[in-house]
Amino acid sequence: MARIKIDHDKCTGCRHCEIACSLNHVQNTANPRRARIRVMRDHNRYYPVIAGPFVDAACTSKVFVEIGDLQYDMCAVCRASCPEKPYFIEAETDIPLKCDFCGIPPSPSCVRWCNSGALELVDD
Amino acid sequence: MNGWIGRCLRVNLTEGKHSIEKIDPGLMERFLGGRGLGVKIFSDEVDPQTDPLAPDNKLIFISGPLVGTGALTGASCNVITKSSLTGTLACAKMRGHFGAELKFAGFDMVIIEGRAEAPVILSIIDNKVKLVPALEYWGRTTVDTESLFKKNLGNQWISRETFLAAIGPAGERLLPLANIVNDRFLSVGCAGIGAVMGSKNLKALAVKGQHSLQVADGNRFVQVVNSLINKLNSSPLTSQSMSQWGTAFLVGLCYQKGMLPQNNFRGGTLSLKNIGTEALNSAFRLRSRACFACPVACIKKTDVKHPTFEGRGMVPTYLAIGSLGVNCGVSDLSIIGTANMLCAEMGLDPVATGGTLATAMELVEQKALTPEELKIDLRFGNGEAMLDAIRLMATKGGHGKRLGQGGKALADSFERPETFMGVKGLPLAPFDPRAIQGLGLHFATSNYGPNHLYGNTFIDELLNAHEILDPWDIKGKPQLVKDYQDTTAVMDSLGLCSWPLMGLKFKNYVPMVNSCLGTSHNTDDLFLMGERIWNLERMFNMKAGFSDADDCLPDRFINEPIEEGPGVGQVSRITEMLPEYYRLRGWSDTGEPLPETLRTLGLENS
Numbered sequence: 001m002a003r004i005k006i007d008h009d010k011c012t013g014c015r016h017c018e019i020a021c022s023l024n025h026v027q028n029t030a031n032p033r034r035a036r037i038r039v040m041r042d043h044n045r046y047y048p049v050i051a052g053p054f055v056d057a058a059c060t061s062k063v064f065v066e067i068g069d070l071q072y073d074m075c076a077v078c079r080a081s082c083p084e085k086p087y088f089i090e091a092e093t094d095i096p097l098k099c100d101f102c103g104i105p106p107s108p109s110c111v112r113w114c115n116s117g118a119l120e121l122v123d124d
Numbered sequence: 001m002n003g004w005i006g007r008c009l010r011v012n013l014t015e016g017k018h019s020i021e022k023i024d025p026g027l028m029e030r031f032l033g034g035r036g037l038g039v040k041i042f043s044d045e046v047d048p049q050t051d052p053l054a055p056d057n058k059l060i061f062i063s064g065p066l067v068g069t070g071a072l073t074g075a076s077c078n079v080i081t082k083s084s085l086t087g088t089l090a091c092a093k094m095r096g097h098f099g100a101e102l103k104f105a106g107f108d109m110v111i112i113e114g115r116a117e118a119p120v121i122l123s124i125i126d127n128k129v130k131l132v133p134a135l136e137y138w139g140r141t142t143v144d145t146e147s148l149f150k151k152n153l154g155n156q157w158i159s160r161e162t163f164l165a166a167i168g169p170a171g172e173r174l175l176p177l178a179n180i181v182n183d184r185f186l187s188v189g190c191a192g193i194g195a196v197m198g199s200k201n202l203k204a205l206a207v208k209g210q211h212s213l214q215v216a217d218g219n220r221f222v223q224v225v226n227s228l229i230n231k232l233n234s235s236p237l238t239s240q241s242m243s244q245w246g247t248a249f250l251v252g253l254c255y256q257k258g259m260l261p262q263n264n265f266r267g268g269t270l271s272l273k274n275i276g277t278e279a280l281n282s283a284f285r286l287r288s289r290a291c292f293a294c295p296v297a298c299i300k301k302t303d304v305k306h307p308t309f310e311g312r313g314m315v316p317t318y319l320a321i322g323s324l325g326v327n328c329g330v331s332d333l334s335i336i337g338t339a340n341m342l343c344a345e346m347g348l349d350p351v352a353t354g355g356t357l358a359t360a361m362e363l364v365e366q367k368a369l370t371p372e373e374l375k376i377d378l379r380f381g382n383g384e385a386m387l388d389a390i391r392l393m394a395t396k397g398g399h400g401k402r403l404g405q406g407g408k409a410l411a412d413s414f415e416r417p418e419t420f421m422g423v424k425g426l427p428l429a430p431f432d433p434r435a436i437q438g439l440g441l442h443f444a445t446s447n448y449g450p451n452h453l454y455g456n457t458f459i460d461e462l463l464n465a466h467e468i469l470d471p472w473d474i475k476g477k478p479q480l481v482k483d484y485q486d487t488t489a490v491m492d493s494l495g496l497c498s499w500p501l502m503g504l505k506f507k508n509y510v511p512m513v514n515s516c517l518g519t520s521h522n523t524d525d526l527f528l529m530g531e532r533i534w535n536l537e538r539m540f541n542m543k544a545g546f547s548d549a550d551d552c553l554p555d556r557f558i559n560e561p562i563e564e565g566p567g568v569g570q571v572s573r574i575t576e577m578l579p580e581y582y583r584l585r586g587w588s589d590t591g592e593p594l595p596e597t598l599r600t601l602g603l604e605n606s
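These protein sequence lines are chains S and B, in that order.
For the first sequence, position 116 matches number 116 in my numbering, and the numbering has no gaps at all.
For the second sequence, position 402 matches number 402 in my numbering, and the numbering has no gaps at all.
Among the clues, some could well be false.
[What the hints assert, rightly or not] Mimicking DSS-like on lysine-lysine, the simulated pairs with C-alpha atoms at most 27 Å apart in a straight line are:
no.: 1; chain 1: B; residue 1: Lys505; chain 2: B; residue 2: Lys475
no.: 2; chain 1: B; residue 1: Lys475; chain 2: B; residue 2: Lys507
no.: 3; chain 1: S; residue 1: Lys5; chain 2: B; residue 2: Lys151
no.: 4; chain 1: B; residue 1: Lys367; chain 2: B; residue 2: Lys396
no.: 5; chain 1: B; residue 1: Lys130; chain 2: B; residue 2: Lys151
no.: 6; chain 1: B; residue 1: Lys17; chain 2: B; residue 2: Lys128
no.: 7; chain 1: S; residue 1: Lys98; chain 2: S; residue 2: Lys10
no.: 8; chain 1: B; residue 1: Lys231; chain 2: S; residue 2: Lys10
no.: 9; chain 1: B; residue 1: Lys367; chain 2: B; residue 2: Lys401
no.: 10; chain 1: B; residue 1: Lys128; chain 2: S; residue 2: Lys85
no.: 11; chain 1: B; residue 1: Lys231; chain 2: B; residue 2: Lys150
no.: 12; chain 1: S; residue 1: Lys85; chain 2: B; residue 2: Lys58
no.: 13; chain 1: B; residue 1: Lys150; chain 2: B; residue 2: Lys130
no.: 14; chain 1: B; residue 1: Lys257; chain 2: B; residue 2: Lys273
no.: 15; chain 1: B; residue 1: Lys231; chain 2: B; residue 2: Lys505
no.: 16; chain 1: B; residue 1: Lys128; chain 2: B; residue 2: Lys150
no.: 17; chain 1: B; residue 1: Lys130; chain 2: S; residue 2: Lys85
no.: 18; chain 1: B; residue 1: Lys150; chain 2: S; residue 2: Lys85
[Stated by the list, open to error] Just the calculated beta-carbon pair ranges, DEER-fashion:
no.: 19; chain 1: B; residue 1: Arg379; chain 2: S; residue 2: Glu84; range: 50 to 60 Å
no.: 20; chain 1: S; residue 1: Glu84; chain 2: B; residue 2: Lys17; range: 33 to 43 Å
no.: 21; chain 1: S; residue 1: Glu84; chain 2: B; residue 2: His211; range: 37 to 47 Å
no.: 22; chain 1: B; residue 1: Gln240; chain 2: S; residue 2: Ser107; range: 24 to 34 Å
no.: 23; chain 1: S; residue 1: Arg3; chain 2: B; residue 2: Ala118; range: 52 to 62 Å
Bear in mind the hints are in silico, worked out from the structure with no lab data behind them.
Since we're looking at a predicted model, the values are computed, not measured.
Quick reminder that beta carbons are idealized off the backbone N, C-alpha and C, glycines included.
Let the hints inform the model, and build the full structure from the sequences given.
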């Protein structure tokens with residue numbers, strides 16, 4: 001099954017993927033808040049997060065993860081949007097967004113515009 | 001409207017009021033936007049003779065029409081005002097994500113007028129424009145200000161998407177060397193504007209929003225951007241050198257051609273071993289960071305490991321290594337990196353600060369200024385003293401007060417103006433104009449003082465990216481300088497970064513501009529607009545009291561040949577090139593735009 005592999009180490013935080021997604025899904029429109037991929041930042045590191053399922057209740061398992069000497073907020077890396085985290089919800093219509101791999105066969109526009117190698121389409 | 005939002009926010013700090021205005025579409029057509037439109041509006045509204053620190057001076061933040069649309073490297077926001085260091089027009093290029101976020105917040109342009117009674121932060125978050133009292137932020141460094149402001153927002157999801165442009169302690173104290181710092185560490189690269197923001201009691205600008213930007217022909221636009229990314233990847237300069245080391249890769253090249261200034265442009269014997277790219281690799285663990293929509297990612301971040309400065313920061317760029325490093329005789333990369341970070345935290349401009357320190361060091365060497373008087377052992381090569389001096393400068397502490405007024409004021413106060421290496425009051429960017437003639441001509445004639453980013457002639461002269469030119473020869477250089485100055489004016493106005501010109505020709509951008517904005521420009525149209533913008537800026541400066549007498553380089557470059565190194569024996573031949581440059585520009589012998597030139601450009605009424 002095809003999936004998008006994310007290499008956090010390579011992400012430069014240019015957010016070109018957000019615009020690529022928005023231009024592909026909403027005609028002639030560039031707006032990161034209407035994209036199904038968002039780049040989060042923590043401690044000068046960048047994490048592309050791809051929209052997953054919408055949940056209508058916040059979970060209670062909020063955790064912090066320690067990698068090396070830094071602490072990361074798992075809530076930021078979580079793919080779901082929930083009442084606590086208002087991401088991946090289209091502002092004008094309130095419709096939750098979810099990644100659709102830009103159609104069948106999958107050819108995600110974010111992967112095409114990602115120049116740092118952080119996003120990669122793999123089939124396994 | 002394609003690319004544009006078409007709205008302008010005007011904030012009057014004296015009255016604490018704001019209004020939202022529509023931008024005249026006719027002006028957008030003639031001046032493109034960004035730098036061009038900003039300069040037009042500024043020169044219409046502000047008297048050129050205004051004191052830069054008076055409430056009458058205005059501060060314009062403006063993003064170009066391509067910013068935020070996903071156009072390749074469309075990220076830059078220009079800040080336009082009258083500079084308190086040079087007295088000319090100042091146009092800073094803000095990199096990072098601030099410019100794009102300003103568009104998403106729903107405004108192309110923010111005009112700031114008047115002066116607030118007490119410190120404020122202008123916050124434009126989700127369509128709410130507010131002036132937040134900023135007493136608790138006053139006195140804090142730029143980094144602290146950003147962290148505290150985001151913490152005070154109270155919601156991590158809002159604060160994650162908010163971007164700030166702030167001044168540090170230097171700007172609050174109205175130092176002419178101060179500038180604005182955005183996205184935590186990115187200096188906007190233009191001295192003299194931090195003090196203007198400080199004089200308005202405006203500590204910072206915060207933006208966030210969710211407006212959409214329209215693109216004229218989305219499908220075509222996506223294709224064009226794709227092909228431009230591929231083109232950039234096939235050029236070794238952008239895909240390898242810039243991506244690996246950022247602009248710092250220029251250090252070795254400039255050193256080999258004798259362009260890297262040492263010890264206040266007097267030459268020296270520093271070894272490349274300590275400052276080249278290999279040294280950079282071993283001193284820092286490099287991590288790439290990109291501005292909005294940039295596939296090159298030339299900003300390098302790292303952990304600064306140094307006992308005097310513990311923290312995370314930026315790897316020094318070419319400008320920092322040149323100005324704060326070798327030109328001050330310092331070749332320790334960790335000290336240069338620390339100095340660069342200190343400048344960003346304090347809100348000082350690294351180039352202007354480095355130039356001022358180099359002047360001070362030469363004055364010490366000439367025994368005009370004594371270390372006892374300064375209470376710092378400031379001399380060429382003493383890195384620790386340089387760090388102390390920067391701290392004192394920013395806080396106007398002790399004897400640093402004198403240094404903070406800028407190199408020209410310092411040299412003049414000792415009646416030794418020959419020790420100041422700069423034009424129009426701004427210290428030179430670290431390129432020796434004797435060894436690169438075209439850039440020398442640009443430094444002399446630039447409307448914004450000697451900054452290489454307003455006319456990147458070194459792309460052809462040094463890097464030979466499109467044409468193979470001899471940097472020491474003057475043949476064809478006036479035309480080259482004019483072409484690059486106009487190109488940069490257009491690219492700034494559109495909101496594009498000019499570094500990718502290393503890998504792309506300007507004509508490659510034209511399809512992207514047209515598919516995004518729905519226009520049918522060709523290269524010549526756009527060049528004409530660039531020329532129009534350049535002439536408009538020139539006219540503002542002339543009304544502010546500048547003339548052809550200011551189009552010169554310091555005497556050292558004309559009279560004293562380079563003494564050693566690869567460029568030995570070279571002097572600047574600026575006097576031979578200047579008449580030809582004036583002729584190409586359509587200016588009189590005294591550098592004034594001729595009436596017929598202005599008529600061709602449609603500027604006769606301004």
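So, going through the hints one by one against the coordinates:
1. Restraint check for lysine 505 of chain B and lysine 475 of chain B: the C-alpha separation of about 22 Å stays at or below 27 Å, so the hint holds.
2. At roughly 24 Å between alpha-carbon atoms, lysine 475 of chain B and lysine 507 of chain B fall within 27 Å of each other, so this suggested pair holds.
3. At roughly 32 Å between alpha-carbon atoms, lysine 5 of chain S and lysine 151 of chain B are farther apart than 27 Å, so this suggested pair is violated.
4. Of the pairs offered as hints, the one joining lysine 367 of chain B and lysine 396 of chain B holds, with about 23 Å between alpha carbons and a cut-off of 27 Å not exceeded.
5. The hinted pair formed by lysine 130 of chain B and lysine 151 of chain B meets the criterion: a straight-line CA distance of about 17 Å does not exceed 27 Å.
6. For the given pair, lysine 17 of chain B sits about 13 Å from lysine 128 of chain B by alpha-carbon distance, which is consistent with the 27 Å threshold.
7. Among the hinted pairs, lysine 98 of chain S with lysine 10 of chain S is consistent with the structure: their alpha-carbon atoms are about 24 Å apart, no more than 27 Å.
8. Under the criterion of a C-alpha separation no larger than 27 Å, the hint pairing lysine 231 of chain B with lysine 10 of chain S is consistent with the structure, at around 21 Å.
9. For the suggested pair lysine 367 of chain B and lysine 401 of chain B, the alpha carbons sit about 19 Å apart, so the restraint of at most 27 Å is met.
10. Of the pairs offered as hints, the one joining lysine 128 of chain B and lysine 85 of chain S holds, with about 21 Å between alpha carbons and a cut-off of 27 Å not exceeded.
11. For the given pair, lysine 231 of chain B sits about 39 Å from lysine 150 of chain B by alpha-carbon distance, which is inconsistent with the 27 Å threshold.
12. Distance hint between lysine 85 of chain S and lysine 58 of chain B is unfulfilled; the C-alpha atoms sit about 39 Å from each other, more than 27 Å.
13. In summary, the hint linking lysine 150 of chain B to lysine 130 of chain B is supported, as the alpha carbons are separated by about 15 Å, within the 27 Å threshold.
14. Restraint check for lysine 257 of chain B and lysine 273 of chain B: satisfied, since their Cα atoms lie roughly 16 Å apart, inside the 27 Å limit.
15. Of the supplied pair hints, the one linking lysine 231 of chain B and lysine 505 of chain B holds, its CA atoms being roughly 10 Å apart against a limit of 27 Å.
16. Restraint check: the Cα-Cα separation between lysine 128 of chain B and lysine 150 of chain B comes to about 16 Å, which is no more than 27 Å; the hinted pair holds.
17. With a C-alpha separation of about 24 Å, the suggested pairing of lysine 130 of chain B with lysine 85 of chain S holds against the 27 Å cut-off.
18. A C-alpha spacing of about 17 Å is found between lysine 150 of chain B and lysine 85 of chain S, which places the hinted pair at or below 27 Å, so the restraint holds.
19. Evaluation of the 50 to 60 Å hint for arginine 379 of chain B and glutamate 84 of chain S yields a pass: the beta carbon distance comes to about 58 Å.
20. For the pair glutamate 84 of chain S and lysine 17 of chain B, the beta carbons lie near 36 Å from each other, so the given range of 33 to 43 Å is met.
21. A C-beta distance of roughly 24 Å is found between glutamate 84 of chain S and histidine 211 of chain B, which places it outside the suggested range of 37 to 47 Å.
22. The hint said 24 to 34 Å for the Cβ distance between glutamine 240 of chain B and serine 107 of chain S, and at roughly 28 Å that hint holds.
23. Checked against the hint of 52 to 62 Å, the C-beta distance between arginine 3 of chain S and alanine 118 of chain B comes to roughly 54 Å, which is consistent with it.
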